[in-house]
Amino acid sequence: MSQTPHSVIIRGRGLKRYYRRGIETVKALDGVDIDIHTGEMVSIVGPSGSGKTTLVNLLSCLDAPSAGELSLDGKLLAGLAEDRLAGVRRGLLGFIFQKFHLIPTLTVAENVELPLMFLNRPTDRKATLAVLTSVGLASRADHRPKELSGGEMQRVAVARALITNPKVMIADEPTGNLDKATGEAIFSLLHSLVKNQGLTVIITTHNLALAYQADRIITIEDGRIVKEERGER
Amino acid sequence: MKHITLASKNLLRRPVRTVLTVSGVSLAVAVAVSLGGFNLGYREALDRSIERLGFQMMIMAKGCPYEAATMMLKGGTGLLYLPADIYNTVKSDPSIQSITPIFVGIAAKEGSSIRDDVSTQSFSIISGIDTESFMTMKPWLKFKTGTGYDPGRWFEHNSTTEVVLGFEAAQYEQRKVGDSFYATVTPNGQTEVKTHEFKITGILDRTGTQDDGTVFMPLKNAQSIFNRTNDLTIIGIKLKKFGAVELREFEGRWLKIPEVQVVSLEQVKGTLVSLVGTAQVMIAAVAIIAVIVAVIGVVNTILMSVYERTGEIGVMKALGAYRSDIFRLIWLETLAVCTTGGLLGCLIAIVGASVVEAAIRGLINLGVQGSIVRITPGLIGGALVASILLGFFAGLYPAWRAASMRPIEAIREGE
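Heads up: the sequence lines are chains A and B, in that order. Under the numbering used here, think of the first position of the first sequence as 23, with each following residue one higher. Under the numbering used here, think of the first position of the second sequence as 547, with each following residue one higher.
With the rest of the complex left out, here is chain B:
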């Protein structure tokens, strides 16, 4: 018989207590792994979303940096506009590789949607674009093909009746190529709403970005229906050479225009990370508390078990066990509890990742598309190592207490 066999049999002596202690550890590990997965997944999703914007920086009207960040990634809220002629001015900057003007407006679906649940999806994001420069920025945009999807095309440059739908916008509205799309708009400076009918010329394939929920139309037409013919929402820019120095130089050249701010993707990332940071700190605090409670639970359980077996420990010493034998025995029990808890916790975190993702998305608006909880083998490995270390340290005191018992006193106490 080995020490580990004896240790595991000891744990089975009080199965309910052992199961409860293991459950405590597994829950703490599950919370910690989910949080780690969220940190990892969120940053990756953010990187992916920002990369898929196609541009490295944008020029937009001065305002709150959080709104700027949300604008870039979700495209819909807190719309501010800048004069369209700024586009022609900035375009001449020699450091620019490519540049695209974008007009964003919000259209009500009132009376046009086939759905009744108006609470959350009662608005469409309308994006007015110049297809040629827009596609230079986002060459990966493709039209959806395959069963149930007719071949699509971009709208004519000067069309006033054609739109292209992002994948999710089309799915939500259950529209296909050739169908009509209605948008109800309140033109700038007017009080009466106007409903426009458009023909859908194409449906884009899924990109995992804000483009999936957007309705695209020619820039001029978008400006026209919103009665903002001289306004833009953002100017997307890709520099020939991008770095901190180039960004500073570019900002220095264009921040002199009073109405605009130059926002780089790194700034956006920082803003969004700090936006979510508070929530992450709170979740981390919960995870740390859960781990501390779990450690206390483990130490308590093993100590109780040691005290209950005082007589046995004395007898084992009488039978020839050294202090190190008793120490190892109790320590192995703690390690077994923590390792099993760690394994179960990782399993719970893997299985429950989608639930955690839905819960986080329900709590806070993250501004990114795609999966935000990513549980990697490295994360699982780290959690298991941490669980073993937890057992390593949690077991020290009970093991020391047991090993320090004098045999004759232990036997006497046990009787």
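The following block holds chain A by itself, in its conformation from the complex:
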């Protein structure tokens, strides 16, 4: 489905996610209404255990809500099985994780090309190098992850997320394992992707200084959105 600028690409209404922990029911998310617009960079902040990762997991179809409605790129996701959710994710969403999760036996280029294998798309070395150039790592294409610094590994993760030309990039604590300067560099890289490629970026972070560089900051506490603010971008 084609999107007009600033149209809603992810919409959640009354999203709830409850877990059973023994006899107790944990309300990780307790009725969240949220709209994410195309080309927007949104930071989700809140204390540990507030529900920000749970919200991101729902928005990225990695988890299914206990109740509520969620649509992604115009598709209603209620009641979809795991493989159907994977089908919605494929090619539409890109992911960056706090711990990078690169495959240690693959080279940087192979790690970047990994999602293409699952999408049954052919690999193109030039395209891979182009993506690696966009994150400043073309010269490291044949290196193994263990030969890279933390910041470089996260850049590879960004390149891996970009190789499928996703519409939305989901970044869960992408700077959590990085020093301040490297974290800022990664944030700035994501900024440039929003600016230059019209990518939609959703980031969870504890770093408020970085969070406020986004278009919008959503604060979540006890499974509910308690505040929405405009950012500095």
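There could be a bad hint or two in this list.
As the list claims (entries may be wrong) - What follows is a list of derived Cβ distance ranges for each label pair: (1) A:R106 with B:N846: 41 to 47 Å; (2) B:R952 with A:S171: 27 to 33 Å; (3) B:L849 with A:R106: 25 to 31 Å; (4) A:D201 with B:S950: 19 to 25 Å; (5) B:Q826 with A:L102: 56 to 62 Å.
To be verified - With a straight-line Cα cutoff of 27 Å, these simulated DSSO-like cross-link-like pairs (lysine-lysine) come out: (6) B:K608 with B:K722; (7) B:K787 with B:K815; (8) B:K766 with B:K637; (9) B:K766 with B:K787; (10) A:K202 with A:K249; (11) B:K786 with A:K121; (12) A:K38 with A:K249; (13) A:K38 with A:K97; (14) B:K766 with B:K784; (15) A:K148 with B:K688; (16) B:K637 with B:K786; (17) B:K548 with A:K189; (18) A:K148 with A:K38; (19) B:K555 with A:K168; (20) B:K740 with B:K784; (21) A:K217 with A:K202; (22) B:K787 with A:K148; (23) B:K684 with B:K555; (24) A:K121 with B:K555; (25) A:K168 with B:K786; (26) B:K548 with B:K688.
Keep in mind that the hints were calculated from the coordinates and are not lab data. Heads up, the beta-carbon is just placed ideally off N, CA and C, and yes, glycines get one too.
Based on the hints, put chain B in the right spot on chain A.
Okay, now just chain B, sitting in the frame of chain A:
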């Protein structure tokens, strides 16, 4: 990048563990292939040895069927004798195409052998034969010719001083045509040993049967030196038409003689197969246990690898992998381990066939000559298919476990 590339790179992540698992599979396959090769080779060697006896059945003194079987194929142990006049009686049977009387005796080499190792080769098998009827049964017997071998001939019919040596008997004693051969015999009913000197008139070419280790001499002379002038050991018989019915009819006619048993080659084969069968079952049990242990090893290794990569599997799912992608990936790893193990196992079995043969011969007396372990392309193909099937089934559970992981939980666990 293809799934198989990723699968093989995953296996190289823990090379020692992968090598150990592949080794387990290859050893199990090697044992199974060697056992299969033994089963195949032994039956063929048995068929060959029995076919090379030249006769379809024999009449011999009543006794243990195992001894009868050994007697036919090795010619030396548990000698029992039957009256020689039975030969003249049986010879008139109209269903017989050819018949030959054989007298077998054991001679000590004491004081005659050029070798000192008396433990295993201190006896010679002496076979008294009627050359004309014997050669009718075994037309393939030829004298050894070529460099170092003088032209040979059969002994004179009534000679008391001439012998012909089988190929291995001559080799072991390092004798050639024209040399002397000594045999020390204890005549029947006497206590004093007598040493006889013979002239070697010929050395037979290799046949791959008991004949290779036998010393042949005229029937009458053999009977005479053993003081058994009215005895025979076996009467070899070839029927005009041979089948179950003909055999039963022939047995019915001659089993009425109380001292004899009619033993067919099929019976001998059955006896020897059942004799070795117990050992084969034991080896088969070891092979099956080895295969089961190997399968458990493979499942364990792949499961460990799956658990170690829980986070990665979650990430791959997040990146767009379907359950089928993850299943295929883990399954391919298992198949790669089992196929590589299968290939190596076949290689080990081929290279180690002679070692296995020597080990089996050291453990049990098989009563056959020639190679007893035969590894065929069909056997190798079967083993490879079995290895792949092993991987196919061994990989199902780990692959299912990995494919069933929910991405978000897997990523969380991996962290």
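Quick rundown of the hints versus the structure:
1. At about 33 Å, the beta-carbon gap between A:R106 and B:N846 misses the expected band of 41 to 47 Å.
2. Look at B:R952 against A:S171: about 32 Å separates their beta carbons, and that is inside 27 to 33 Å.
3. Checking the proposed 25 to 31 Å range against B:L849 and A:R106 shows it holds: the Cβ atoms sit about 28 Å from each other.
4. Against the hinted window of 19 to 25 Å, the Cβ-Cβ separation of A:D201 and B:S950 comes to about 38 Å, which falls outside the hint.
5. Taken as a hint, the range 56 to 62 Å holds for the pair B:Q826 and A:L102, whose Cβ atoms sit roughly 58 Å apart.
6. Among the hinted pairs, B:K608 with B:K722 is inconsistent with the structure: their alpha-carbon atoms are about 38 Å apart, more than 27 Å.
7. For the suggested pair B:K787 and B:K815, the alpha carbons sit about 20 Å apart, so the restraint of at most 27 Å is met.
8. This hinted pair checks out: B:K766 and B:K637 have alpha carbons roughly 18 Å apart, not beyond 27 Å.
9. At roughly 30 Å between alpha-carbon atoms, B:K766 and B:K787 are farther apart than 27 Å, so this suggested pair is violated.
10. Between A:K202 and A:K249 the CA atoms are separated by roughly 26 Å; this keeps the pair inside 27 Å, and the hint holds.
11. For the hint pairing B:K786 with A:K121, the CA-to-CA distance comes to about 87 Å; that exceeds 27 Å, so the pair is violated.
12. This hinted pair checks out: A:K38 and A:K249 have alpha carbons roughly 18 Å apart, not beyond 27 Å.
13. Only pairs whose Cα atoms come within 27 Å are accepted, and A:K38 paired with A:K97 is accepted, the gap being roughly 19 Å.
14. For the proposed pair B:K766 and B:K784, the alpha carbon gap of about 22 Å is at most 27 Å, so the pair holds.
15. For the given pair, A:K148 sits about 76 Å from B:K688 by alpha-carbon distance, which is inconsistent with the 27 Å threshold.
16. Restraint check: the Cα-Cα separation between B:K637 and B:K786 comes to about 13 Å, which is no more than 27 Å; the hinted pair holds.
17. This hinted pair checks out: B:K548 and A:K189 have alpha carbons roughly 25 Å apart, not beyond 27 Å.
18. For the proposed pair A:K148 and A:K38, the alpha carbon gap of about 44 Å is over 27 Å, so the pair is violated.
19. A C-alpha spacing of about 15 Å is found between B:K555 and A:K168, which places the hinted pair at or below 27 Å, so the restraint holds.
20. This hinted pair does not check out: B:K740 and B:K784 have alpha carbons roughly 36 Å apart, beyond 27 Å.
21. The suggested pairing of A:K217 with A:K202 holds, with an alpha-carbon distance near 22 Å, which does not exceed 27 Å.
22. A C-alpha spacing of about 81 Å is found between B:K787 and A:K148, which places the hinted pair above 27 Å, so the restraint is violated.
23. A hinted pair counts as satisfied when its Cα atoms are at most 27 Å apart, and B:K684 with B:K555 does not qualify at roughly 62 Å.
24. Under the criterion of a C-alpha separation no larger than 27 Å, the hint pairing A:K121 with B:K555 is consistent with the structure, at around 21 Å.
25. Taking the CA atoms of A:K168 and B:K786, the gap is about 82 Å. The hint is violated against a cut of 27 Å.
26. The straight-line distance between the Cα atoms of B:K548 and B:K688 is roughly 63 Å, outside the 27 Å bound, and the hint therefore fails.
The structure fails hints 1, 4, 6, 9, 11, 15, 18, 20, 22, 23, 25, 26 (numbered hints given earlier, in ascending order).
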